[in-house]
Amino acid sequence: MRFPRFFAKKRGHRRTVSEVWGSVAEGLFHAGLVVAGLVFGGLLATGVAVPEWRINHHFVEAEAIVVGKGLARRTTARERTWEPAIRLRYETPAGPIEAWAFRGGPIASRERALTVLADVSLDAAMPCWYDPDAPDSVVVTRGYNWWMWTLTLLLPGALVAFGGAGLVRSIMGWRKSEERRAVTFRPVTANPHPAIPSCDDLINSPGTVLRFRLPTSGSEGWTLLGIGLFAVLWNSVLTVLAVTAGLDLIGGRIDWLLLLILVPFAGVGVAGVVRFVRQLVLTSAVGNTQLEISEHPLRPGGHYDVMLAQSGSGAFQKLTVTLELEEQATFRQGTDTRTERHVVWRSTIASWKDVQLAPGTRFEAKARLTLPASAMHSFVSEHNVVAWRVVVHGRAARWPAFSRGFPVVVHPVSPAVGHAEPQEVSL
Amino acid sequence: MTPRSNPFATRYTRPGAILPLDGEGQPVDIARLAEDTLRMRGLSIEGPHGTGKSTLLAAVAAAFELRGHLGANVRLRQFRDAVTAIVAVGRAAPGSVVCLDGWNVLGPLAWLVRTLAWLRGVILVVTSHWTTGLPLVVPTSVTLPLLAAIVERLPDHGGSINAADLADALRHHPTNLREALLELYDSFETRIRGGALAGAPDQSAPPNRGRS
Amino acid sequence: MSSGLDTAARSPRVAASFSSADRRYEPLENIQVRYTVELPPTAVVRSVERSILWYTEGKGEEDIGVHYFERITERAAVMTAAAAGSFETRLPVSPLSYEGVIVKIRWCARVRLFFEEGRDFVSEHVFELGHVPVAAIVLS
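Sequence order for the protein chains is A, B and C.
Residue numbers for the first sequence follow my numbering, so the first one is 1 and each next one is one higher.
Residue numbers for the second sequence follow my numbering, so the first one is 1001 and each next one is one higher.
Residue numbers for the third sequence follow my numbering, so the first one is 2001 and each next one is one higher.
Isolated chain A, as found in the complex (with noise of 0.2 Å):
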């Protein structure tokens, strides 16, 4: 059973240098997040759920008679709720009682706390339930609020996951060597492709003429979102700023500080709104670009057709399609975690030069793209990653040139016979 991971843990092995005091930590850790849960969520239980328990199984039943109605009001600094309230008159063992019992709630609004109470006749006869144990606690309904009980469980019920996740996995894994930690965290599974990346996000589009439509790798649209907002965050800020300046000059008072300030705060916003529209305009210009394929995953030595379908205006001066494998390692460097990339493989697919697009129509062409016998398949681990990709290299008229990759799962040649079975571990 494979207990998850509730965030991305920072990269790099933390316990190099001690096993044991680096299980500590994060076994105190995860300890504090389960107590934490606990108690909150038992101070929330007890605040909520057993009063709500009692009242439902330990309250006595009992018929009584209205005598009297109102609202209580409680005043707090920031507000005045009205809460309705019945008297009621009801026998106990210990002879008759009289008590308040609320209905409803607090209200803001004294005229609606009132209409909760417009149904309610004097000398009327209405069931109650009372504590038996203080007997001058009454209630006029029972049931269980369930959207309470899931607000008020939700918070410490994820402490608690997460903290116990976090606590089992530090257990798991105390005082282990590499390998034996390896396959604790890691079971040996039947996966017919180890240590291979899954392609399931990869062919779940298909494609308009080739089998599968390829989802592209780039991050042009969260790049431009993010240009965005900064452009409106800082040009935000900036407008109070020179507001609150101009408004002291407009008083006959000069800030000097501000307007010193405002000088660079302006440069850069102008530069964010610059960049915003330039790269909004590149994106719209150069249109988008799509590519399908015939199979996938693709195996050494195989035959596959591509079909690449640009979008867009004007001229492009070349058009070229391209398979790269590269290889990514994550390391760290003291505190932070750096990743280096690097292209140990590339072929031309096909090119085209002097592509002409017309507003609203695209350009699509189909090649051939053959993999290599001895190619190496993907690898995926923690910091290491051998990926392939398909990445179609633009360059419009008037604009910078482009690249978008479209990344591809290669498979093994599969072998004459079945697959290896998971190994069965001794621990």
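None of these hints come from the bench; they were simulated from the model.
Be careful, since some hints might not be right.
Claimed, not checked - Stretches of chain C that chain A covers, calculated by requiring three or more beta carbons in the stretch to come under 8 Å of a beta carbon on chain A:
| no. | segment |
| --- | --- |
| 1 | 2042-2056 |
| 2 | 2061-2069 |
| 3 | 2092-2104 |
Stated by the list, open to error - In silico DMTMM-like cross-links for lysine to aspartate or glutamate, where the CA-CA straight-line distance does not exceed 25 Å:
| no. | chain 1 | residue 1 | chain 2 | residue 2 |
| --- | --- | --- | --- | --- |
| 4 | A | Lys-176 | C | Glu-2026 |
| 5 | A | Lys-353 | A | Asp-305 |
| 6 | A | Lys-176 | C | Glu-2124 |
| 7 | A | Lys-69 | A | Asp-123 |
| 8 | A | Lys-176 | C | Glu-2088 |
| 9 | A | Lys-176 | C | Glu-2074 |
| 10 | A | Lys-176 | C | Asp-2120 |
| 11 | A | Lys-176 | B | Asp-1029 |
| 12 | A | Lys-176 | C | Glu-2117 |
Positions of the beta carbon are idealized from the N, C-alpha and C atoms, including for glycine.
Following the hints, put chains B and C in place on chain A, whose structure we already have.
Using the frame of chain A, we list chains B and C on its own:
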């Protein structure tokens, strides 16, 4: 080491894999440093990124462990690791040594850890980018003799790396040994492959250079 | 390759031989590893672990993936396994051994001895799975 292993891979250069050396490239007298630390009741290894602080700390910790003086040896990576540091100091026996790699991540809690150590009579050995105030200080820095001595102690590079490569690496990264070693990694890979491909960056098939 | 104890005089020695003389295997092929151990006179082994795994080497942090793992703790079995033994498994289809530029993938057999005083000693013996050519360097 297997054929074609890069001697500058992280496996061979990570802290603890290399013996600590001083600026002249000579082995640090760890035993004497340990004695001085016990006598002065604290050691701070101070220097910029990638200058061998963790490597020296690992060796000092090993020395204390051999003597039976090591209370704990902890690597601090994030602020929440302050919990580890506090627990380590809290549980260490009086007079024992607690090694903390990454003192600066403690931030404002550093004074708490130091105070706790003083109250418990625990000796701190730390690495830090800045001054810690501990009584004994060993500064670390990068020099060409140090880099050359390290390379000499790594697995054999078969003559792929020469003195000019070391000088170039240090010229490009004068204060960071780790970066210099990463550059030497690249140089080694380039050399064993017969140099970078000249001319076209494109090829229709990878060169078939399987192992013999 | 062996590592773990302080001086050569006190270090165990583990010699290993493979069912394939050139230590090259194909995916799904059976691999058998035989080993012998020379222990220092005073060493007392309390458990033995034998494994076949891949690991990464290069610029990135090391990752490992264990394909075969066996831990021996029963006293009589430990005494035998700490002197000599063999283990075998059927290798998987991936990952294949790979000589990349900044990422390399190596397969190995490991024998790890745990001693009474708390220390451990690991001996690693590399073999090759598949025959992927050495990766080139491409100018970006």
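Unsatisfied constraints (hint numbers, rising):
Hints 4 and 11 contradicted; others consistent.
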